[in-house]
Amino acid sequence: MKETPSLIDSEVFLAFSTYATVVVLKMMLMSPMTAYFRFTRKCFANMEDTGMAKTPEDKKRMLRVDPDVERVRRCHQNDLENIIPFVVIGLLYTLTGPDLSTALLHFRVFVGSRLFHTVAYVLPLPQPSRGLAWMVGMGATFSMAYRVLNGLK
Amino acid sequence: MKETPSLIDSEVFLAFSTYATVVVLKMMLMSPMTAYFRFTRKCFANMEDTGMAKTPEDKKRMLRVDPDVERVRRCHQNDLENIIPFVVIGLLYTLTGPDLSTALLHFRVFVGSRLFHTVAYVLPLPQPSRGLAWMVGMGATFSMAYRVLNGLK
Amino acid sequence: MKETPSLIDSEVFLAFSTYATVVVLKMMLMSPMTAYFRFTRKCFANMEDTGMAKTPEDKKRMLRVDPDVERVRRCHQNDLENIIPFVVIGLLYTLTGPDLSTALLHFRVFVGSRLFHTVAYVLPLPQPSRGLAWMVGMGATFSMAYRVLNGLK
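Protein chains in written order, with full-length UniProt numbering: chain V, 1 to 153; chain G, 1 to 153; chain A, 1 to 153.
To be clear, the hints were calculated from the coordinates, so they are not data collected in a lab. Values in this document were obtained by computation on a predicted structure and should not be read as measured data. There's no promise every hint is true.
Identical copies carry no separate label here, and so any pair may be met within one copy or between two of them.
[As the list claims (entries may be wrong)] 25 angstroms max Cα-Cα, derived SDA-like pairs, lysine to any residue:
#	residue 1	residue 2
1	Lys60	Gln127
2	Lys42	Glu57
3	Lys42	Met52
4	Lys54	Leu123
5	Lys42	Pro126
6	Lys59	Thr40
Work out the full structure: start from the sequences and follow the hints.
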């Protein structure tokens with residue numbers, strides 16, 4: 001049996017760890033961004049959040065749906081649907097022992113595509129910028145999943 | 001200190017890796033399915049996505065909620081709420097060193113239940129098919145969580 | 001090269017494993033809670049779920065949005081947005097080899113803040129209880145992410 005390399009000492013794992021943390025932090029920042037839009041647009045989902053209003057009528061008026069808030073929330077939801085699969089499949093991919101340069105290519109393409117996706121969604125940029133960013137990210141994850149399913153069986 | 005088995009060489013881990021990737025890929029495929037229904041139903045959430053419309057009135061008419069699109073999105077959301085806990089708890093469960101046959105039973109029951117859940121949700125099949133599929137998947141995850149909490153303490 | 005400690009034997013990993021499982025189980029319990037409110041409020045999202053109704057008119061009347069159901073669903077969504085980043089970053093943090101006491105502090109503060117967050121959201125408690133619980137949880141995850149990005153590079 002050949003010596004097992006330590007997970008923690010592996011360069012691919014260190015790279016995965018950094019890129020996964022960066023992209024998960026990016027996802028988490030959508031929460032304060034939603035809060036920012038909720039406060040500036042005075043648009044809330046819960047009655048107890050409308051403390052800034054003075055009259056009961058004002059409170060009720062703040063319980064509404066705002067297009068800017070919904071846009072940020074859709075971007076956050078899209079992050080959940082794409083970044084979490086990347087983290088799961090990326091971790092399994094890392095454990096298949098890929099080349100460092102191939103792994104870095106996958107991680108960088110994915111993280112870059114998601115940063116651009118957020119900019120394209122929130123501004124918004126005209127299509128197909130957001131659609132292409134989404135597809136590139138999906139492609140990077142699918143490519144890693146292909147190696148996991150082939151390399152591990 | 002007894003020899004630590006390598007995570008990557010473990011048969012249970014290989015099985016987990018394959019089943020987790022399969023079920024995460026299934027979850028990811030809900031995104032293109034949502035896109036397919038959005039394009040065929042001409043129903044979008046963002047103004048910049050309505051490029052296929054010719055007049056501003058057509059664009060506005062495409063910013064609507066469609067029951068088929070919402071059904072696929074609810075199925076996707078249910079996947080997020082169930083498949084991600086399976087992946088997290090399944091990974092920790094794998095590290096407790098379960099028997100291969102017991103582990104395979106858990107993984108197969110979960111993945112099978114979620115494949116059936118998607119079919120039952122999207123077609124849709126009459127209840128209680130979807131409800132039972134959801135419960136069986138929850139049961140498999142709870143059973144693994146029980147072992148994690150007992151076996152690791 | 002110093003001896004690599006086994007992941008599974010590490011006390012920090014055992015602690016992470018237990019706290020992550022507890023907080024993921026808490027998140028999963030939002031699903032039965034949503035089902036409970038849907039049945040008691042007779043409020044469903046799918047036509048096939050309204051089997052308890054006797055007439056087609058009753059069925060249609062059950063396809064509605066209920067404020068109590070929506071509150072539980074928002075709480076579940078907030079869990080997805082916060083607990084999954086904790087699990088991902090917490091696992092990477094565990095692999096950086098932190099002190100047991102520092103790690104326990106992070107895990108306990110996070111899990112405690114999310115348990116309180118759920119109580120504050122579902123009852124609901126007056127603000128800023130829910131807002132503070134959310135911020136404390138975010139803070140614990142950011143603090144672990146800081147160590148991952150610094151300790152691993």
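The hints, checked one at a time:
Only between protomers do lysine 60 and glutamine 127 lie at most 25 angstroms apart by alpha-carbon distance; the minimum there is 16 angstroms, versus 36 angstroms within a single protomer. In the homo-oligomer, the alpha carbons of lysine 42 and glutamate 57 lie at most 25 angstroms apart inside one protomer (13 angstroms), although the nearest pairing across protomers, at 29 angstroms, exceeds that limit. Only within a single protomer do lysine 42 and methionine 52 lie at most 25 angstroms apart by alpha-carbon distance; the minimum there is 9 angstroms, versus 33 angstroms between protomers. For the identical chains of this complex, lysine 54 and leucine 123 are inter-copy neighbours only, at 23 angstroms across copies versus 32 angstroms inside a copy, given an alpha-carbon limit of 25 angstroms.
Taking identical chains as interchangeable, the C-alpha atoms of lysine 42 and proline 126 lie at most 25 angstroms apart only when they sit on different chains, with a minimum of 18 angstroms there against 27 angstroms within one chain. Within a single copy, lysine 59 and threonine 40 get their C-alpha atoms as close as 15 angstroms, which meets the 25 angstroms cut-off; across copies the closest is 28 angstroms, which misses it.
Every hint from the earlier list agrees with this structure, and none is contradicted.
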